[in-house]
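Engineer: Residue numbers for the sequence shown follow this note's numbering, beginning at 192 and rising by one.
Treat each hint with caution, since some may be false.
Taking lysine-lysine pairs in the DSBU-like style, the calculated list, with each CA pair at most 35 Å apart, reads [unchecked claim]: (1) 204 x 236; (2) 274 x 204; (3) 204 x 223; (4) 274 x 223; (5) 223 x 236; (6) 274 x 201; (7) 236 x 274; (8) 201 x 236; (9) 201 x 223.
Rather than coming from a laboratory, the hints here were simulated on the basis of the structure.
Owing to the predicted nature of the structure, the values given are computational and were not obtained by experimental measurement.
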Amino acid sequence: MGSMELHPMKEIKIIVEGEHLHFVTDVLDRIKASGYTIFSNISGKGHHGFHEGHLMFNDTSSLQMILTVVPEEKLDPILSALKPFLERHSGGVFVLEASVLRRDHFAPKES
Numbered sequence: 192m193g194s195m196e197l198h199p200m201k202e203i204k205i206i207v208e209g210e211h212l213h214f215v216t217d218v219l220d221r222i223k224a225s226g227y228t229i230f231s232n233i234s235g236k237g238h239h240g241f242h243e244g245h246l247m248f249n250d251t252s253s254l255q256m257i258l259t260v261v262p263e264e265k266l267d268p269i270l271s272a273l274k275p276f277l278e279r280h281s282g283g284v285f286v287l288e289a290s291v292l293r294r295d296h297f298a299p300k301e302s
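Hey, can you work out the whole structure from these sequences and the hints?
Structural biologist: This is the structure we're talking about:
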């Protein structure tokens, strides 16, 4: 058996306050990302200092990270939708090169 073929993709990590989670997932749904994973109540230190991940009142006041993997052609539409939002709110976007084994899991679904 030969080596497995990997397919290049873009991994996007988006960190926002919980109250803005639905804005981000709506963008990803509208651009038809095949899926995403949400990491809740994360802690970290950034431009605005240290942010504790535990729940103070509810999850709208904690940081959330949304991770998605998309084909290259979906990267610019996602970033274009997020840029104006992130100019007004705290948060961050990180884009990394990624490879996937099962490219069909990231293809648009036929309706």
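Engineer: Now, for every hint given, state plainly whether the structure supports it.
Structural biologist: The hints, checked one at a time:
About 16 Å separates the Cα atoms of residue 204 and residue 236, which keeps this hinted pair within 35 Å; it holds. Distance hint between residue 274 and residue 204 is fulfilled; the C-alpha atoms sit about 14 Å from each other, no more than 35 Å. Between residue 204 and residue 223 the CA atoms are separated by roughly 16 Å; this keeps the pair inside 35 Å, and the hint holds. Under the criterion of a C-alpha separation no larger than 35 Å, the hint pairing residue 274 with residue 223 is consistent with the structure, at around 18 Å.
A hinted pair counts as satisfied when its Cα atoms are at most 35 Å apart, and residue 223 with residue 236 qualifies at roughly 31 Å. Between residue 274 and residue 201 the CA atoms are separated by roughly 17 Å; this keeps the pair inside 35 Å, and the hint holds. Our distance criterion of 35 Å between C-alpha atoms is met by residue 236 and residue 274, whose separation comes to about 21 Å. Restraint check for residue 201 and residue 236: the C-alpha separation of about 24 Å stays at or below 35 Å, so the hint holds.
Distance restraint check for residue 201 and residue 223: the Cα-Cα separation of roughly 14 Å lies within the 35 Å cut-off, and the hinted pair is therefore satisfied.
Checked against the numbered hints given earlier, the structure satisfies every one of them.
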